[in-house]
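Colleague: Construct the entire structure; sequences and hints are all you get.
Going line by line, the protein sequences match chains A and B.
The first sequence lines up with residues 1 to 179 when you count with my numbering.
The second sequence lines up with residues 1 to 278 when you count with my numbering.
Where hints are given, some of them may not hold.
Taking lysine to aspartate or glutamate and the DMTMM-like style, the derived pairs with C-alpha atoms no more than 20 angstroms apart in a straight line are [stated by the list, open to error]:
| hint | chain 1 | residue 1 | chain 2 | residue 2 |
| --- | --- | --- | --- | --- |
| 1 | B | K49 | A | D21 |
| 2 | B | K3 | B | E115 |
| 3 | B | K137 | B | E11 |
| 4 | A | K107 | B | D120 |
| 5 | B | K3 | B | E90 |
| 6 | A | K140 | A | D34 |
| 7 | B | K118 | A | D145 |
| 8 | B | K118 | A | D34 |
| 9 | B | K5 | B | E82 |
| 10 | A | K157 | B | E52 |
| 11 | A | K136 | B | E52 |
| 12 | A | K35 | B | D120 |
| 13 | A | K134 | A | E155 |
| 14 | B | K44 | A | D145 |
| 15 | B | K49 | A | D85 |
| 16 | A | K134 | B | D120 |
| 17 | A | K140 | B | D120 |
| 18 | A | K35 | B | E115 |
| 19 | A | K144 | B | D120 |
| 20 | A | K140 | A | D53 |
| 21 | A | K114 | A | D85 |
| 22 | B | K44 | A | D21 |
| 23 | B | K61 | B | E11 |
| 24 | A | K144 | B | E115 |
What follows is a set of in silico ranges between Cβ atoms, one per label pair, in the way DEER data are often shown [said to hold, decoys possible]:
| hint | chain 1 | residue 1 | chain 2 | residue 2 | range |
| --- | --- | --- | --- | --- | --- |
| 25 | B | I131 | A | A93 | 37 to 47 angstroms |
| 26 | B | P123 | A | T42 | 46 to 56 angstroms |
| 27 | B | V130 | A | R90 | 32 to 42 angstroms |
| 28 | B | N217 | A | K2 | 47 to 57 angstroms |
From the derived model, a few chain B residues whose C-beta atoms are all more than 12 angstroms from chain A [claimed, not checked]:
| hint | residue |
| --- | --- |
| 29 | D7 |
| 30 | A30 |
| 31 | E82 |
| 32 | P132 |
| 33 | G133 |
Read the hints as simulated data drawn from the structure, not as lab findings.
Idealized CB from N, CA, C, for every residue including glycine.
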Amino acid sequence: MKKLIVPIKNKKVLADFRKGDMVSISGVLYTARDKAHQRFLTAIKEKKSLPIDLNNQFLYYTGPTPALPGRISGAIGPTTSSRMDAFTPRLLALGLAGTIGKGKRGKEVIKAIKKSKAVYLVTIGGAAAYLSRKIKSLSKVAYKDLGPEAVFKVEVKDFPAIVAIDSKGNSIYSDTLTL
Amino acid sequence: MRKIKVDKITEKVKDLVFEANFNLPQPVKALLQNAQRKASGREKWVLGKILENASVARKKKIPLCQDTGLPIIFLEIGQEIELTNGSIEEAVWQGVKAGYRDGCLRRSVVLNPLERGKTDFVPSPIHQKVIPGDKLKIVLLVKGFGSENVSHTVMLNPTSSLSDIEGEVVNLVKEKGVNACPPLFIGLGIGGTLEEAVLTSKTILIRRLGKVSRERNIKHLEKSILASVNKLGIGAGAWGGRFTALAVKAGLLPTHIAGLPLAVNLSCHSLRWAKTEI
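Modeller: Pasting the structure below:
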C-alpha cells in the first residue's frame, strides 16, 4: 500500500504511482460533481477565478448525505467519473493533480492525464458508510446553494483507492469508454 | 370492505425508508459473504470492505450509499380495501419525505428533468396494482443512479436465440458494468411490452433472489449468463477478480409475435429493498 499525501508538493511525486497500485490517501481534498464542474467551466470561460486553487489538488467526485447531528460526515462514496469527462481536461490544464471516483474515463481524459502527468484513482463504489469513517473534517467551501453538489473541503486519513490511470496514461481498464 | 386510513401508509413507508437505506437485505448479505469466503487477494479485501460498509450502515445509521436513490414504491392493494383520509400518492410521499428528512438522507430529486434546479426528496415513482383480498403490500426499492444509468433496454427480433440474449447482457456488463458498482445483481425482463419488461427486470430481483427457478430454460439461462459475466474479470469493486456479478434473475412475460423485448436492470452490490404488509 503506497501512501499519498494531498495536496501534493509537485507532479514528480505522482510518477511513483503505477496503474493497479493500492493507495492510502491522507490530507485535504475537495469534492465536486456535475454542477460544480459546470460552474468551474463557466467561470473559466468568463475569465473569472475559481473558488478554489486547483493547482496540485485532488478532486473527489461525490455528493455526500448530510451528517447526523454530532457526526463529522454522512455517507460519502464515489460517483461515476465519466460524467465529468467533458470538464476534466480543462481542469487538469489548470494544474489539477488528480481525480478520485469510480469507473472508466474517456480517451480525451486519458490523453490529458498523460499530458499533465496527473493520475486518476478509484475507490470502492457503494462503500459510502465505510468511507465516511476515513473523513476527519468536512466543510462546504463553495457553491453552497447546490446542496449535496456543493464543493466541500474534506480532510481524509488513510482513504483507500487504487490507481486506475497513471501519469503515463496506462489504465487498469483495458477498453476505455467509447461514448 | 376493510377500511384503512392512508396515514397508516405514511407511517409504514417511513419505516421502509429506514430499513432499506440502513439494512442490507439478508439474501444480499448471504451472497456477498459467500463470495468473500471464496475470493482471494485484493478481491477478498474489497468484498470485506463492502460487508464492513453494511455493518457500519446498520450500527451507525449512515446510509449504505450516499446515493440514497430514488426510492421506488410498489403498492399491491387488495380490492376489498377502502382507503380513506386522503390521497394514496400523497400519503406515500409524506412517508418518503419524513424518512429521508429524519434519516439525514440525500435530496436527489429534481422536479424538472431539463431545467434541473433545486433538489428535493420527492416525488418518487409509485407503481400500483390491485390484487384480490384485503391486504395492502408495500415494497420500497432504493436504486442509485450509478447503476440505473447503465441499465438498458433493447427490442430483439422474435427469432433471437438464448445466446443472443446472453450476448446482449454480457456486452452491456463488459462495456458499462464497471460504473455500476460490482459485484452486480442482474435482473432481466424478457418479453411483454416495453414497460412490462423494464418493470419485471426490477421486481424479479426482489421476488427471486436466493430462489432457484423451477423452469429449466430460465435456470439454464441465468446460470450461463452469470458464468460468462464472471469471466470478464471486472471483479468486486471493479478492482479485478472473478465476482463481477453475484446473481442473474430472469422473468419471462407473454409477448407479441413480432417482438422480444429485453430489459437489463443492473443493480449495484447494495441491492436495497424493504417490504411490509398492512
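Colleague: Hint by hint, where does the structure go against what was stated? Just the numbers, ascending.
Modeller: 2, 4, 14, 15, 16, 25, 26 and 27
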